[in-house]
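Engineer: The two chains are supplied separately, each in an independent frame; assemble them into the complex guided by the hints.
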Amino acid sequence: MSDETKPSAGDSSGLSNGLVSDSDRRVYQAAQSLHSSSVKDLLSLGVCERCVFRLVSVEPFDSDLSSVSASTLRSWLEEASAAAAASSESSCSRVCIVCLGVLQFVFSDAKQTLARSECGSDYAARVTELVKREGHEFDSFGLEVSVPSTVVENERAVLLYLKGKYETEGWVQSEKISVKDALKVLVLDPLKASLGAKSDSSSFHIRLTYSMTSDEVQDASETTHERKKRKTDEENGSTSMSENSFEKVYEPCILSVNCNKMPIFFSGRYFKYSRNVSQTRWIIDDERMGEASVEELIGGNILPACLGDSYKFHAAGREDIDVRMLGSGRPFLIEVQNSRKCPSQQSLMEIEEKINNSEKKLVGVKDLKFIGSQCWAMMREGEAEKQKQYAALVWIARPLEEKDINSISSLIELKILQKTPVRVLHRRSPLERERTIHWMKVEKIKGSSHYFLLHLCTQAGTYIKEFVHGDLGRTSPSMGSILGCRAEIIQLDVTDVKMGDS
Amino acid sequence: MEIQTAEVANNPETEDTIESTKQNQPEEEVEHCYEQKQALEEEEEEDELRSMLLSDIGELPLSPPSATQVNFVSYFITDFTKPGHDQYIYRHANGLCVIGLAPTHVAFKDEGGITNIDFNVGKSDRSVLKVSGKRKKNAMRSESNTALCKVSTAKDSYIVRCCVKGSLLEVNERLINQPQLLNSSADREGYIAIIMPRPADWTKNKESLITLEEYKEKKELSL
Ligand SMILES: [Zn+2]
Chain F
0 MSDETKPSAG DSSGLSNGLV SDSDRRVYQA AQSLHSSSVK DLLSLGVCER CVFRLVSVEP
60 FDSDLSSVSA STLRSWLEEA SAAAAASSES SCSRVCIVCL GVLQFVFSDA KQTLARSECG
120 SDYAARVTEL VKREGHEFDS FGLEVSVPST VVENERAVLL YLKGKYETEG WVQSEKISVK
180 DALKVLVLDP LKASLGAKSD SSSFHIRLTY SMTSDEVQDA SETTHERKKR KTDEENGSTS
240 MSENSFEKVY EPCILSVNCN KMPIFFSGRY FKYSRNVSQT RWIIDDERMG EASVEELIGG
300 NILPACLGDS YKFHAAGRED IDVRMLGSGR PFLIEVQNSR KCPSQQSLME IEEKINNSEK
360 KLVGVKDLKF IGSQCWAMMR EGEAEKQKQY AALVWIARPL EEKDINSISS LIELKILQKT
420 PVRVLHRRSP LERERTIHWM KVEKIKGSSH YFLLHLCTQA GTYIKEFVHG DLGRTSPSMG
480 SILGCRAEII QLDVTDVKMG DS
Chain V
0 MEIQTAEVAN NPETEDTIES TKQNQPEEEV EHCYEQKQAL EEEEEEDELR SMLLSDIGEL
60 PLSPPSATQV NFVSYFITDF TKPGHDQYIY RHANGLCVIG LAPTHVAFKD EGGITNIDFN
120 VGKSDRSVLK VSGKRKKNAM RSESNTALCK VSTAKDSYIV RCCVKGSLLE VNERLINQPQ
180 LLNSSADREG YIAIIMPRPA DWTKNKESLI TLEEYKEKKE LSL
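Line by line, the protein sequences are chains F and V.
For the first sequence, numbering that gives the first Met the number 0 begins at 0 and goes up steadily by one.
For the second sequence, numbering that gives the first Met the number 0 begins at 0 and goes up steadily by one.
Since the hints were made in silico from the structure, they are not lab data.
Treat the hints with care, as some may be off.
[To be verified] Part of the chain V face toward chain F, derived, beta carbon under 7 Å: (1) 48; (2) 51; (3) 63; (4) 91; (5) 126; (6) 127; (7) 128; (8) 133; (9) 139; (10) 187; (11) 188.
Glycine included, C-beta positions come from ideal geometry on N, C-alpha and C.
Just chain V, same shape as in the assembly (with noise of 0.2 Å):
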């Protein structure tokens, strides 16, 4: 340090000048090496994002499960009260029911198939009932054979029941204005309404429903 500044002191303009000039011309040269390295780097990320994301593709089967098919277990109950019956739950790992018409159900088989769905069943409107917060407030309890809608085809009616007991967290309020969802899709947009069982409950309710395979049996169903 000292040495420096003694060296300043005895000339300090060509100092300065010297100085000047070798710093400028290399900056530049940084400069462009620094912008082209990034560009380069930037390049060379973006190629190992692209061969990160296909890398982790592997064998891609023709036709993957569906989201139904892997976070729920499929349940049924068939003749329920009455003959022909026959409704769906759809359990997700988290405990919640998805409730609807299995392929089987009596409605289906009328010509037309169904063309009205009126939630105002029972004591209330199950349509009308807005849950609300993380306990689930307002939500109606249901026993398993609660009347949870009725379903009308051109030549009759028939009561769809809760088929767990729980809380009724919320019904299907797209299928008041396209009740034919339930014709082209019921496993799926379809779908009836979303209960929540106590688990204590569930285990004793899951005794009255059939799997899958027991339901395919039952119904020499070959899907």
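Bound-form chain F, shown alone (with noise of 0.2 Å):
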């Protein structure tokens, strides 16, 4: 036992004795069962090792390959092939002509350090570091890879070259694992114990993007259409796939590693609690409209708590700047792009707290809560069918009389036409719409006769001001018109906001 050493680079003296485990093992073995010959030209021609297996072997990619190191895998190629060993240094470090250096586990990082990894387990650590510096909490994965059009431009001479070739040969149609697909078979394994978590198409997704840099780029171009000159020849039934054409040198690929995370959704119920606040971000010409808005001063709260990129505000229909939202609150969403975090419950409340108890208390949140990926759908069907309560303080020209409260209060169920009002028929089209007053109540003030407070529930999507006005008597009945007076609303509350049949 102690006679058996690792084969080291370089090292293919007693290789049979050598192999200290079982995957070792089984790619030596694959490495002698490939056609010699065009592993051989392979070689020559510069494909890096892992690209000999992917293109030559019958069997599918193994993982193996992952854990053998780059000389080890040629000393082991070259052995089968019976080809010259070259000097293995300068082969191996050389940028493969087809993957560019994906499957070498070479690439530049940002800032065009080097980085070159024995083997799938040295590489993944270095991604890991870069995953661990994005500062995801995460506990599964999803692994994209995405690579230079080069490489697949290139990966296609290359099989051409081969097809020519060796066009009586079995493995040259046999179908090849693409560079990228390779890289995942080779990497995610070692990732999944470096990071220390499972894969699956989860909500958390690591993408490694491979580019060349911008002056290869001009080069590779250029090279694009050589070859497509070359695979006219070819096609024109000219063989003449020259090695000369592979003899482009490539730098390595810059690598960067990015995560990005499903949006995550919260909900609740806000408050509106002042006149002078706009439910999102309003802005004309620079200027913003009211104080502030309810979507910044939720999100502006939750965003910082995910740790997340950018923040989206969904509410369940809206008010305007200067109609107050109060009693029920408002149903909403807010939807939180790359969060690294998920806040607790606990912390939830402390942020409701927050905005609360905040200085100034334009906006108010109840019922805050984590609702996961994929409830935005939700939300949605309730919004067609919601009813909505308002208090409305009115005035009317004349005084107002015992009966016409009763009068107002016996209308149920009442039916009303509107035409799109004057102030947004600039934006809308122009329509008559038919819409339910399911019924009123009306409290009187005190000290005055002119003016009361109009408690209604309306189907969604009336215009309550209009209502009460009259809009030039484009909406008709109005509360001016039940009256037979002159009637205008001097504001507006909403008091309940009902979703779906609740």
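Structural biologist: Laid out in structure tokens, this is it:
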């Protein structure tokens, strides 16, 4: 047992004895089974060891290839193909003409520093370090890889070359795994181990993006041109696929590691206590309308707790800037993009308290909770069916009489016709819609016979201000036409929003 | 945990009975308390809502400004093409213009006031055009002197003009059956049409109009 040592780089002696693990043994045997002259060709063209396995082997691409170093792989391939052992050092460090170093675990980082990993677990450790920097909390991940189009083009050229030269061989015809899928096979297990996470198509994605340096992209386009020419030659029956075509020397790709978390959602109900706060951020000609927005006051407090990139605010309906939202509050969702963490219920309650106890008390929140990743459709459905309850401060041109109170409250399920109000007619279609006022109640105001508080429950989409003042007679009947005098609305509050049939 | 299971294992039956009696009693109480608390909370919430609704009601003016006064800026054009042809143009903050007859219009001086309105003037009947969509398809393009309708009294009839260059969005069809609205509330239910001018056209158009103050002065009105 003490005689058994791991084969070191370039050491091709006593291989059969030196294989310490089952995976080494499997890879070694696979190397022996490969079509030797094509292996020799590809190696001399500058195709990397793992690409050779990928392109020549008929067996499925094996993750064992991840744990064997490139130099060892090379020595085994050379041995199997009886290729002259070139100075392994230099051939191994050469960037593969097909995968541009992707399967060699060679890349430049954002600062143009070259990183070379012996095996998949080294590579995974480097990626893990980059992922950790992003600060995400996760216990499973999905892996995405993207490679420059040059890789795909080069691959096509090499396959064409192989098909031209070895068209009678069965292995040439078999389906080849792509570079990006091969990378996934190689690094998925090592990544799971080093990240300590499961892999699935989860809501958290790690994206490995390989791109070429900018000067190379230009070169690459020229070679694409050349290849197109070669391809035409090939189709014309010319098999003069010259080995010179692959002489180009490539730089390793630049690897950027990006993490992305699918949006997460929080639900709740909001209150708007101010007549100078809009529901969403409202800017006209660089000028803010109102002193703040519900969207920003709530989202601005949730976003930092999630360490997210951005947020979106969705509410079930809206009210005008000068209308307060009281009573039941209005349901809303906050969607947070690329959150690093999910706040606990405890910290959500703290956020709620912070908003509710803010000095200006412009906005309030209740029932704030995390609802996961796919609950957005839920609210949409309810939105169509909701009823709304309001309290409107109304003035009429004559004193309110006792019989008015009764006649108003006797109107149940009153149908009204509303033309698109003048105040929104510039941006909405001119239509006439029927709406229902479910019920109304009059509350007298002490010391004033011309003013009263009108409580009313209406079908969603009813324009309340217009129902009171009549909008030049364009809403009919209106409070004014019912009472037979001019009616004006002084202010309006929403007191309840009912979703669906609740 | 371990100690607990050991105890239960010692004498499971007694433990169970004790547990159940222990639980039942307080649960009812808790529920009762909870109901009370909820009712109390609801009451509190209602009180809070009431106080919020009322607290916002400040000093109430004897007669508040009307929606028209609040939402529109009033302009007038007087003696437009003919003496006494006075019209108002109420411009909303969104740019739309409501067109109607000014109180000093000559038609109101005829006995019995206006008795009929006819939108079938010029090339087309203004009340037949149906404008549709957010882009206001099929809207008739108006120039300021384009005829809008004809109002008649027992004595005479008068052409009313668009006053504004833009798209004619709607005419007040109610007037066809209730022309008396022109006499009773020309500035509200008796409006005649709504026109949407382009901003640049409006800027030019405005120069030919006078303000409410200028109108009062000119007509020596004390409105
Ligand atoms: Zn390669």
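Engineer: Enumerate the violated hints, using their earlier numbering and listing them in ascending order.
Structural biologist: Checked against the structure, the hints that fail are numbers 5, 6, 7, 9, while the rest are satisfied.
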